[in-house]
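Guided by the hints, dock chain B onto chain A, whose structure is given.
These protein sequence lines are chains A and B, in that order. Residue 1 is where the first sequence starts when you use my numbering, and the numbers rise one by one after that. Residue 1 is where the second sequence starts when you use my numbering, and the numbers rise one by one after that.
It cannot be assumed that every hint is accurate.
Computed from the model, here is a short list of chain B residues facing chain A with C-beta under 8 Å [claimed, not checked]:
1. 41
2. 42
3. 43
4. 44
5. 99
6. 100
7. 102
8. 103
9. 104
Note that these hints are calculated values from the structure, not bench results. All C-beta atoms in this analysis are idealised placements derived from N, C-alpha and C, irrespective of residue type, glycine included.
Next come the chains, spelled out residue by residue.
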Amino acid sequence: GAVVSQHPSWVICKSGTSVKIECRSLDFQATTMFWYRQFPKQSLMLMATSNEGSKATYEQGVEKDKFLINHASLTLSTLTVTSAHPEDSSFYICSARDQVTLGYTFGSGTRLTVV
Amino acid sequence: ILNVEQSPQSLHVQEGDSTNFTCSFPSSNFYALHWYRWETAKSPEALFVMTLNGDEKKKGRISATLNTKEGYSYLYIKGSQPEDSATYLCAFRANTGNQFYFGTGTSLTVIP
Numbered sequence: 001g002a003v004v005s006q007h008p009s010w011v012i013c014k015s016g017t018s019v020k021i022e023c024r025s026l027d028f029q030a031t032t033m034f035w036y037r038q039f040p041k042q043s044l045m046l047m048a049t050s051n052e053g054s055k056a057t058y059e060q061g062v063e064k065d066k067f068l069i070n071h072a073s074l075t076l077s078t079l080t081v082t083s084a085h086p087e088d089s090s091f092y093i094c095s096a097r098d099q100v101t102l103g104y105t106f107g108s109g110t111r112l113t114v115v
Numbered sequence: 001i002l003n004v005e006q007s008p009q010s011l012h013v014q015e016g017d018s019t020n021f022t023c024s025f026p027s028s029n030f031y032a033l034h035w036y037r038w039e040t041a042k043s044p045e046a047l048f049v050m051t052l053n054g055d056e057k058k059k060g061r062i063s064a065t066l067n068t069k070e071g072y073s074y075l076y077i078k079g080s081q082p083e084d085s086a087t088y089l090c091a092f093r094a095n096t097g098n099q100f101y102f103g104t105g106t107s108l109t110v111i112p
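The following block holds chain A by itself, in its conformation from the complex:
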């Protein structure tokens, strides 16, 4: 079945540094990828939608200059948390939409802790 590989699965970084999270579709091509985050005891919330070769669309309240999304190929999207702060500590997960089947497949998520 469709698989999305997400790395790293967890990361601890110092405040002020940047962290890159990568999502790769292994056996299908994804024109669209979605980035979600989940704070404790809350639901997954969509941060942004990225389309291959174009700028990402950010949800209201999500700073596009802080959360840089790159979707340079049909199989890879990256989320970079720039100048991370403790309040950015969260669980981040991607979802990729298969351009053929139109099905959605999730990555396994990244637990980010900023100290």
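Relative to the frame of chain A, chain B by itself:
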């Protein structure tokens, strides 16, 4: 932001018991309702995609029903097994875009 609610938040059952949980979602602009099974450190696994009012889907011991007019879906697990322990997520999709609106999940623990 659309409101999707799941209940209960967590559930402990004995092996062999049957159980069910609820997902409530807006009854307007309905496109689809997704159920996922999510184990810790793994990707959410798609269980069902439900699109028609009155739909009932089954996968082994797990089944789901859908009522779009009143805005709810039930997930049933018959004869729970320890391997069923996971968080069960529902996600609502409106007919106005591709966005998924997730509930907070129901955490199921099946005690051997």
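Hint check:
Checking residue 41 of chain B against chain A by beta carbon gives a least distance of about 6 Å; that is within 8 Å, so the hint holds. About 6 Å separates the beta-carbon of residue 42 of chain B from the nearest beta-carbon of chain A, less than 8 Å, and the hint is met. The beta carbon of residue 43 of chain B comes within 5 Å of a beta carbon in chain A, closer than 8 Å, and the hint placing it at the interface holds. Below 8 Å, beta-carbon pairs count as interface contacts, and residue 44 of chain B has one with chain A at about 5 Å; its hint therefore holds.
This hint holds: residue 99 of chain B has a C-beta 5 Å from the nearest C-beta of chain A, less than the 8 Å allowed. About 7 Å separates the beta-carbon of residue 100 of chain B from the nearest beta-carbon of chain A, less than 8 Å, and the hint is met. At its closest, the beta carbon of residue 102 of chain B sits 4 Å from a beta carbon of chain A; the interface hint therefore holds under the 8 Å criterion. Against a cut-off of 8 Å between C-beta atoms, the interface hint on residue 103 of chain B holds, since the closest Cβ of chain A lies about 6 Å away.
Interface hint status for residue 104 of chain B: upheld, as the beta-carbon distance to the closest one in chain A is roughly 5 Å, under 8 Å.
In summary, the structure agrees with every hint in the numbered list given earlier.
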